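K.L.:
Residues per chain are reported as follows:
2 protein chains.
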Amino acid sequence: MSELTRRNIVAGVAAGAAATALSPFATAIPARAAAPAAGKQTAGWYRYKLGDYEITVVTDGVNKIAKLPDNFVVNAPKEQVDAALKAAFLPAGALDIPYSPVVINTGSKLIVMDTGTGQANFANSKGVAGQFHSNLAAAGIDAKAVDMVIISHYHQDHINGLVMADGSLGFPNAEILVPAAEHKYWLDDGEMSRAPAGRMEGLFKNNRRVFSGDVAKRVKTYEAGKEIAPGITSVASPGHTPGHTSYVVSSGSKTLFVQADVTNVPFLFVRNPGWHAFFDQDAKLAEETRRKIYDMLATDKTMVQGFHYPFPAVAFVEKSGAGYREVMVPWNPTI
Amino acid sequence: MSELTRRNIVAGVAAGAAATALSPFATAIPARAAAPAAGKQTAGWYRYKLGDYEITVVTDGVNKIAKLPDNFVVNAPKEQVDAALKAAFLPAGALDIPYSPVVINTGSKLIVMDTGTGQANFANSKGVAGQFHSNLAAAGIDAKAVDMVIISHYHQDHINGLVMADGSLGFPNAEILVPAAEHKYWLDDGEMSRAPAGRMEGLFKNNRRVFSGDVAKRVKTYEAGKEIAPGITSVASPGHTPGHTSYVVSSGSKTLFVQADVTNVPFLFVRNPGWHAFFDQDAKLAEETRRKIYDMLATDKTMVQGFHYPFPAVAFVEKSGAGYREVMVPWNPTI
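Note that the protein sequences, when read in sequence, are chains A and B. If you read the first sequence in my numbering, its first letter stands for residue 1, the second for the next number, and so on. If you read the second sequence in my numbering, its first letter stands for residue 1, the second for the next number, and so on.
Among the clues, some could well be false.
Incomplete in silico selection of chain B near chain A, CB under 7 Å [to be verified]:
hint, residue
1, Trp45
2, Leu85
3, Phe89
4, Asn124
5, Ala145
6, Pro310
Chain A regions said to be covered by chain B (calculated; three or more residues, Cβ under 8 Å) [said to hold, decoys possible]:
hint, stretch
7, 87-100
8, 151-161
9, 183-195
10, 306-320
11, 323-332
Derived DSSO-like pairs: lysine-lysine, alpha-carbon spacing no greater than 30 Å straight-line [stated by the list, open to error]:
hint, chain 1, residue 1, chain 2, residue 2
12, B, Lys205, A, Lys86
13, B, Lys319, A, Lys67
14, A, Lys319, B, Lys301
I should point out that these hints are in silico values taken from the structure, not numbers from a laboratory. Quantities reported herein were computed from a predicted structural model and do not represent experimental measurements. Idealized CB from N, CA, C, for every residue including glycine.
Turn these sequences into a full structure, and let the hints guide you.
P.N.:
Written as structure tokens, this is what we have:
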């Protein structure tokens, strides 16, 4: 009974001999056809209470990067990045970047924070991303009931869900709150004219596509450091983009920090706050922001929603080595 | 833009002044009734591939212990246990113990491993536990299609789901594989006559209730170190109970260790493998088993399903301090 050794675990697997002892009272079971594999994941949503508020995390899926560019972390050699991935028990040289928008019901307002990559990406990615609208419906939330969409910054995975594949509004009855600095930057013709070809040019074009027509009519800009909705305060967290914004959400005695993209995936950038992700526009400023915010999160033991954390993307932050480490909040099967 | 300090985050929250600047193109949004809170958690199931096998983790919910007994960890003072809970950002003096059975579709067999606490506990706990059968249905798995139930040991949270509230079979077409040593121990009249009143007496009685009638007719006993189903090998892991058993599941190049109750919640007993949980019948032997298995899991980087890990309860194990630490596998929104 107590003879467990590594050797006999392995030997047991290798043996492969089915030698089940039949107990005296066993009866024969009729043979039946094998159940087919289901092949389908559950709809990705998860709900919790924050004081009187109800938070629903609704995954948009992941960005599956089969071959990670060597410069994905701009200021760390590929070998160190691969080592960090392996330390997280993940394959080296590849990366799944999750998208985790949240929905907040304050009791008086139904608010979506960032919108995922949009329906077009659902088709493009063969359902791996662009799931936000279908998972929202699975969570029992009607997009038409959304009062407000709050946008953290103007990258595709945060804004493209504002518009459906047919060009209609993703949230037809919602006002769209956007950071004033972000809106000004991306819609400024001078800034666009100075943008290098490639990724930055693409971002300018996409932002002008999304923030036109009906979306533009719904837009309201907000400043940092303001209560922009009941219990939701904007916090400037620039660097990733010029007007990148995070949020403090408070209800009763509870507080949540919705970081947006202060870090990308935690197992790389929470552990190594000095690492600069390829996506950070002003990497030095982004690092400064990241270090300040993670110092605060760890010191104050503030709960954080990370847009690029693994679903359901809610965690606390502890100090660890020269950086930090996320401690995921245990899944609660009720709310 | 770069003036983020801890002071102004807090000040921002305190300010509470709604001062949203209206952009020139904003239009009025019609006032609407607030969406009601949903108040409902998603059905707790999660699916992944292990080689050719399809694994579905199906939560039975949690055991919500509002006041943790002082001797919950038999050989550590309450203060140390509270400190470990606080280090995991959990409330001191209380504990949620999750139940995470798994279902394995090998392509030829549909197998349930441990059954949760049963329908009676769903009513008793007001839906906090006893969710296995309803979540199984939500996962699209028909209990009647299950070919085999494998039981790790004879505690209520692992076996009570074998019988429905009306006394009928939980899995009417399945054979029920049980550890020979476990079955012999709990059905032995001499062992029962020597059991102290209270918890142990209750276990003997419950085991005789469950393993009677139709369940008894379906039972087949198995030995440790055998392939008891295609790719599933039993591994003796005694201590928690006399015949407690774990499993190595292998398909293609992939391996999963289904530990059952080698540890209870990871943030206490994976971090501190020397701690003895109240539930461990032979605590010294359980610790010996735990240390051997966690040494193996960490050294071999073997993926583990932990019955009392937070849903979806699949992780890797790293060495950490004088013990180990679980690294949860990131949620995959597809399979």
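K.L.:
So, for every hint listed, does it hold in this structure?
P.N.:
A quick look at each hint next to the structure:
Interface hint status for tryptophan 45/B: upheld, as the beta-carbon distance to the closest one in chain A is roughly 5 Å, under 7 Å. Because the smallest distance between the Cβ of leucine 85/B and any Cβ of chain A comes to about 11 Å, over 7 Å, the interface hint for this residue is violated. Because the beta carbon of phenylalanine 89/B sits about 4 Å from the nearest beta carbon in chain A, less than 7 Å, this interface hint is met. Because the beta carbon of asparagine 124/B sits about 14 Å from the nearest beta carbon in chain A, more than 7 Å, this interface hint is broken.
For alanine 145/B, the interface hint holds, since its Cβ comes within 7 Å of a Cβ in chain A; the closest pair sits about 4 Å apart. Taking 7 Å as the C-beta cut-off, the interface hint given for proline 310/B holds, the closest approach to chain A being about 4 Å. Counting residues of the stretch 87-100 of chain A whose beta-carbon sits less than 8 Å from any beta-carbon of chain B gives 6, enough to reach three: the coverage restraint holds. For the stretch 151-161 of chain A, the stated coverage by chain B is violated: 0 residues have a C-beta nearer than 8 Å to a C-beta of that chain, whereas at least 3 were required.
Coverage of the stretch 183-195 of chain A by chain B is violated in this model, with 1 residues showing a Cβ closer than 8 Å to a Cβ of that chain against a need of three. For the stretch 306-320 of chain A, the stated coverage by chain B holds: 5 residues have a C-beta nearer than 8 Å to a C-beta of that chain, and at least 3 were required. With 6 residues having a beta carbon nearer than 8 Å to a beta carbon of chain B, the stretch 323-332 of chain A meets the requirement of three or more and the stated coverage holds. Between lysine 205/B and lysine 86/A the alpha-carbon distance is near 48 Å, which puts this suggested pair outside the 30 Å criterion.
Taken as a hint, the lysine 319/B and lysine 67/A pair is honoured in the structure, with Cα atoms around 29 Å apart against an allowance of 30 Å. Restraint check for lysine 319/A and lysine 301/B: the C-alpha separation of about 24 Å stays at or below 30 Å, so the hint holds.
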